[in-house]
Amino acid sequence: MFKSRRAATSFALGAGILEVLALALAVWRISRTSSLELGKYLRADSLTAFFLVNLGAVFFLVLLYSTSYIRHIPAGRFSSPRWFYSLLFLFLFSIIAVYLAGNLGFLWIMMEATTLASALLVGFYNTEGAVEAGWKYLIVCTVGLAFALFGTIVFYVAAVHAGLQPEMALQWYALAHAGKMLANSPALLKLGFIFLLVGYGTKIGLVPMHSWLPDAHAEAPSPVSAMLSAALLNCAVYALIRYDAITSNAIGATFSHRLFIFFGAASVFVAGLLMIVQKDLKRLLAYSSVEHMGIIATGLGLGGFFGIYGALLHTFTHSMAKSLLFFGAGQVREMVGTSKISMLKGLARQLPWTSAALVVGLIAIVGLPPFGLFVSEFSILREAFSQRHWLAALVLLTTLSIVFAAMTFHFLKVLPGSSQMAESKTAVSDRKGPEFVAMGICVAVLITLGLSIPAPLNYLLKAAVAVLQ
Amino acid sequence: MMGFVINIVQMLLLVLAAPLLRGIISKLKAWIQKRQGASVWRPYANLWKLFHKEELVPNTATLIFRSAPVVAFAATVVAAAFLPVLHPAAFLTLDGDIFLFVYLLAIGRFAMSLGALDGGSSFGGMGSSREALVAALAEAPLFLVLTALAILARTGSLSEIAAWTIRQNFFDVSTVHLLALAALAIVAVAETGRIPVDNPTTHLELTMIHEAMVLEYSGPSLALIEWSQAIKLNLLATLMIGLFAPWGMSLTVTPLGLAAALGTYALKLACLVIGLAVVESSVAKLRMYAVPDFLRVASALAILAVIFTAITKR
Amino acid sequence: MGLFELAAAKMLSSAAMLLFGTVLLMATAKRISTCVYLFACQSAILTAEVVAAGYVQHMREAYIIAGMVLLVKVFAIPFALLWLMKKLRTAHDVGASLSPGYSVFVMSGLIILSFAAVRLYLIELHATEVILAAAVALILNGAFLMVTRSKALMLMMGLLVLENGIFLAALVTTFGMPLIIEIGIVFDLLIGLFLMGIFVFRIRDTFDHLDVSRLRGLRG
Numbered sequence: 035m036f037k038s039r040r041a042a043t044s045f046a047l048g049a050g051i052l053e054v055l056a057l058a059l060a061v062w063r064i065s066r067t068s069s070l071e072l073g074k075y076l077r078a079d080s081l082t083a084f085f086l087v088n089l090g091a092v093f094f095l096v097l098l099y100s101t102s103y104i105r106h107i108p109a110g111r112f113s114s115p116r117w118f119y120s121l122l123f124l125f126l127f128s129i130i131a132v133y134l135a136g137n138l139g140f141l142w143i144m145m146e147a148t149t150l151a152s153a154l155l156v157g158f159y160n161t162e163g164a165v166e167a168g169w170k171y172l173i174v175c176t177v178g179l180a181f182a183l184f185g186t187i188v189f190y191v192a193a194v195h196a197g198l199q200p201e202m203a204l205q206w207y208a209l210a211h212a213g214k215m216l217a218n219s220p221a222l223l224k225l226g227f228i229f230l231l232v233g234y235g236t237k238i239g240l241v242p243m244h245s246w247l248p249d250a251h252a253e254a255p256s257p258v259s260a261m262l263s264a265a266l267l268n269c270a271v272y273a274l275i276r277y278d279a280i281t282s283n284a285i286g287a288t289f290s291h292r293l294f295i296f297f298g299a300a301s302v303f304v305a306g307l308l309m310i311v312q313k314d315l316k317r318l319l320a321y322s323s324v325e326h327m328g329i330i331a332t333g334l335g336l337g338g339f340f341g342i343y344g345a346l347l348h349t350f351t352h353s354m355a356k357s358l359l360f361f362g363a364g365q366v367r368e369m370v371g372t373s374k375i376s377m378l379k380g381l382a383r384q385l386p387w388t389s390a391a392l393v394v395g396l397i398a399i400v401g402l403p404p405f406g407l408f409v410s411e412f413s414i415l416r417e418a419f420s421q422r423h424w425l426a427a428l429v430l431l432t433t434l435s436i437v438f439a440a441m442t443f444h445f446l447k448v449l450p451g452s453s454q455m456a457e458s459k460t461a462v463s464d465r466k467g468p469e470f471v472a473m474g475i476c477v478a479v480l481i482t483l484g485l486s487i488p489a490p491l492n493y494l495l496k497a498a499v500a501v502l503q
Numbered sequence: 021m022m023g024f025v026i027n028i029v030q031m032l033l034l035v036l037a038a039p040l041l042r043g044i045i046s047k048l049k050a051w052i053q054k055r056q057g058a059s060v061w062r063p064y065a066n067l068w069k070l071f072h073k074e075e076l077v078p079n080t081a082t083l084i085f086r087s088a089p090v091v092a093f094a095a096t097v098v099a100a101a102f103l104p105v106l107h108p109a110a111f112l113t114l115d116g117d118i119f120l121f122v123y124l125l126a127i128g129r130f131a132m133s134l135g136a137l138d139g140g141s142s143f144g145g146m147g148s149s150r151e152a153l154v155a156a157l158a159e160a161p162l163f164l165v166l167t168a169l170a171i172l173a174r175t176g177s178l179s180e181i182a183a184w185t186i187r188q189n190f191f192d193v194s195t196v197h198l199l200a201l202a203a204l205a206i207v208a209v210a211e212t213g214r215i216p217v218d219n220p221t222t223h224l225e226l227t228m229i230h231e232a233m234v235l236e237y238s239g240p241s242l243a244l245i246e247w248s249q250a251i252k253l254n255l256l257a258t259l260m261i262g263l264f265a266p267w268g269m270s271l272t273v274t275p276l277g278l279a280a281a282l283g284t285y286a287l288k289l290a291c292l293v294i295g296l297a298v299v300e301s302s303v304a305k306l307r308m309y310a311v312p313d314f315l316r317v318a319s320a321l322a323i324l325a326v327i328f329t330a331i332t333k334r
Numbered sequence: 000m001g002l003f004e005l006a007a008a009k010m011l012s013s014a015a016m017l018l019f020g021t022v023l024l025m026a027t028a029k030r031i032s033t034c035v036y037l038f039a040c041q042s043a044i045l046t047a048e049v050v051a052a053g054y055v056q057h058m059r060e061a062y063i064i065a066g067m068v069l070l071v072k073v074f075a076i077p078f079a080l081l082w083l084m085k086k087l088r089t090a091h092d093v094g095a096s097l098s099p100g101y102s103v104f105v106m107s108g109l110i111i112l113s114f115a116a117v118r119l120y121l122i123e124l125h126a127t128e129v130i131l132a133a134a135v136a137l138i139l140n141g142a143f144l145m146v147t148r149s150k151a152l153m154l155m156m157g158l159l160v161l162e163n164g165i166f167l168a169a170l171v172t173t174f175g176m177p178l179i180i181e182i183g184i185v186f187d188l189l190i191g192l193f194l195m196g197i198f199v200f201r202i203r204d205t206f207d208h209l210d211v212s213r214l215r216g217l218r219g
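As you go down the protein sequences, you meet chains A, B and C in turn.
First residue of the first sequence: 35, per the working numbering; consecutive thereafter.
First residue of the second sequence: 21, per the working numbering; consecutive thereafter.
First residue of the third sequence: 0, per the working numbering; consecutive thereafter.
Derived from the structure by calculation, the hints contain no laboratory data.
The beta carbon of each residue, even a glycine, is placed where N, CA and C say it ideally should be.
One or more of the hints may lead you astray.
Said to hold, decoys possible - Not everything, but these chain C residues come out facing chain A in the computed CB check (under 10 angstroms):
{"no.": "1", "residue": "75"}
{"no.": "2", "residue": "151"}
{"no.": "3", "residue": "155"}
{"no.": "4", "residue": "168"}
{"no.": "5", "residue": "186"}
{"no.": "6", "residue": "190"}
Based on the provided sequences and hints, a complete structural model is requested.
Here it is, written out as structure tokens:
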């Protein structure tokens, strides 16, 4: 079946559109009833719906981008368009399952499934770097998730000892409403939460568990990088939000929120500094992902309406901006054959349209108006200042300026000037196709979000924040 | 009175049956290697022959060279007096004799090392330096193992530890015992100079430890050395049996009980000997610089055993 | 007390000790195959533990879990790993960056640490100290193997040991997670190992060795 690339592509596109429609339908249903329960293992509320909207958008863009990107992939074992699409859809399904999981054990299983589905995608090119990155990704994330499993078990133990029925003791909504029942074993909950933070934090890429992230993002095919950065990291954030809600209800928010702020600020700061010395465009973007995950964690840790609102909105805006940048970087890598910053001098002359997309992405990702990230970062900072949390505010502001300088420095090295590539015989030029449609959509969404947040999304966001408060 | 006689008998058993044990081990090894092998009584004939030979002494040697084998033999025989074999009591018993036991073995080694140095050959010096290394590394775990068991039994005497162990349920093996047994097994291999630490039958200068030391000896002196080496093997095997599997020792002094005790003792010894023969035929000798590592394993296990006595205290 | 009860009680009381034994032996092992056999032994002990606990507490589900563990961890995974080793035809040493002697020292320290860690939570957990400490020791041992052994297959071994520890922890504190979740976890583990197997082949084909400490192409 699907011997040819074209057949595989059109089938995948069809399936993708159906998928996105199904997601839209699900979101619509959820937003009308505010929560939805399917059997013992599936459950959704407004928070789920918000993340599903994000996922649907990202996946659609990634699929659109892949249809032309996949063109030059050589056929090999586990490396053919068929495998690419199959794995991409598996990846998508496992992420959806994480969002819809009502049972924390099921959530863990599906989180592990996201690792398994994406490991082969990370190692897709089968080059030295890709194999190393894929292996590292698989091992580091599996170990991290093993710790998360331990944390899950500790929560289960605490719930069972608190008197919940064994079959209810893993349902997050039961745990979230158990509240004071769980408060009898604070030491266990704290232990479990630390393990979960380390475990799912590995997937998020929080410093110091981020070691897999730059490698995987840099070596994976660019659509996969976008999917990792814009969908997978959010999915792990979602898992931590659920546990945070449970812990906060039982033993107060201070414990988990302090941890969030600590790891978040550490990630922002370390990733910001590391961005200065990067030599590869895609690694630069990967560290930027670590930094933004740190911002989100800090926002969640600050709590309050604007903190959570900003953090949730930031998951969305970051995934749009990062998709745009990875699409651009993918174009560069495909056309020029490398993403080493030192080799890309004079890119603006060679690939004007791609360069324009990259510049827009750059302005968006460093958090300048009129793009969406400005709004979300501003919201988080506002919460920090209104709570007089000077340390968080200081770290965020300092690092944002460092990141601004670092990103601009690297991009200014790349974009202007006469090209070294022009002297080589193979002239490169922009190829306009579905990839530019995808990038255009990203830009449009970012600008829209920067100017005013559309009412339906705002409604969903506020409902999601309400779930958490 | 009867008990006193038995104490003497069991000590003599350890001393006199030692060459037989050696003979049995070489026979077993021969069988495993599909050879006929020498008779199990061969070590006795060998000792007899050596005792009747003329003794040659290097002209650089002093009194130390001559007296070393005698000291080593005497120390080993005295050590044998502390071990319970047929019933949980020994010819000599005092609180804290676990330390005395270790040091009696150490005196034997010390004497042999001095004697080898005094012999004046280069092999002797090499052998005694190696022997000193192994002894230094093996002593600590041996001490710790005995200490761990002494803490459990709340007594410092070998025969009373055995008496305490008999009273425990056979099935309730504790973690301490497992760890201590593992450590002691490694130490015993090192102490008696068997494979994989040392090869008792080699004369290859690169690898030999004990054999290098005794190279200059001949006649009755060599006989004493061989004999005390055989006794040492018997001592450590009996020590393991006494500390870890004393069940079957007769608690009352009746002929039937003693016969049964002798039978079970022989059976347990046979198990150990078969195990040793299998290990010696299937494992290669360690390189010299890997030996400290091997003994480090024993040290770690022994330390763990001591700590576990505190952890698993009820 | 019938014979079965006696056997079950003995199993429950001595399993921890046997597990400490496997853990220490794994620290000393020099060949990958030794580790694989030890892992199979360890899983067999876990199986016996599950059966014993199931018998004592009259839980039907336990036998299903025990059967699954037996099938997957005692037979399937060790066989697969041995097959993989035969197929890969590379050196069989574990690539230790710490000699066996010191490894045992460190491992002993970790075992003591696990006792200390378990002490903190004994009041809130209604479980025996020793077996819980064994679970934590298994987790630490797995992590230790992954850190100090550089061969790709040993990283997989470390992960498996770690997973065994988590399984044991769940077993002794709550008598296991719900059955369906346990099955899911084992399934994930199997797929994970399968993928790691694929990557091991790729590493061998791309780099001509399996020493993952020498994979240093991606830095910074």
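Hint check results:
The interface hint given for residue 75 of chain C is violated, since its Cβ lies 17 angstroms from the closest Cβ of chain A, which is over the 10 angstroms cut-off. Nearest Cβ of chain A to the Cβ of residue 151 of chain C: about 7 angstroms, under the 10 angstroms cut. The hint holds. The interface hint given for residue 155 of chain C holds, since its Cβ lies 8 angstroms from the closest Cβ of chain A, which is under the 10 angstroms cut-off. Because the closest C-beta pair between residue 168 of chain C and chain A is about 6 angstroms apart, less than 10 angstroms, the hint holds.
At about 8 angstroms, the closest approach between the beta carbon of residue 186 of chain C and any beta carbon in chain A falls short of 10 angstroms, and the interface hint on this residue holds. Evaluation of the residue 190 of chain C hint against chain A yields a held restraint, the C-beta minimum of about 5 angstroms falling below 10 angstroms.
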